[in-house]
Amino acid sequence: MSATEKKVEQHYGYHEHKDAHIKRLHRIEGQVRGIEKMVVEDRYCIDILTQIGAVSTALESLGFQILEEHVKHCVAGALASGDEKEAQAKSEELLEAVKRFAKTR
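Residue numbers for the sequence shown follow our numbering, so the first one is 121 and each next one is one higher.
The reader is advised that the hints may include incorrect statements.
Claimed, not checked - Straight-line alpha carbon distances no greater than 25 Å define the calculated DMTMM-like cross-link-like pairs of lysine to aspartate or glutamate that follow:
| no. | residue 1 | residue 2 |
| --- | --- | --- |
| 1 | K219 | E204 |
| 2 | K192 | E180 |
| 3 | K157 | D167 |
| 4 | K143 | E180 |
| 5 | K223 | E213 |
| 6 | K210 | E136 |
| 7 | K223 | D162 |
| 8 | K219 | E188 |
Keep in mind the hints are simulated off the structure, nothing from the lab.
Construct the entire structure; sequences and hints are all you get.
Put into structure tokens, the structure is as follows:
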């Protein structure tokens with residue numbers, strides 16, 4: 121089996137909810153376009169900031185969902201595999217992801 125075939129068959133934790141995540145991202149994209157339109161139309165600063173806050177909250181919420189799915193699928197799978205090296209690597213990866221994610225808040 122080639123590397124390409126392996127990649128096609130591999131699913132990550134978010135795979136089960138992929139369609140919902142894509143729909144959510146499209147809504148967020150629409151919100152961002154709305155903010156752009158507000159700026160073009162010289163709308164009131166506070167109204168723009170309110171919409172920016174809504175987009176930030178929506179992205180943060182999606183990020184937490186994907187992080188949760190990563191823990192339940194990728195990290196849990198590595199821990200259950202019995203492969204100590206893989207479990208350690210996924211644990212370290214998770215800690216780094218949490219640190220990066222926390223910095224965005």
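Tell me the hint numbers this structure goes against, listed in increasing order. 7
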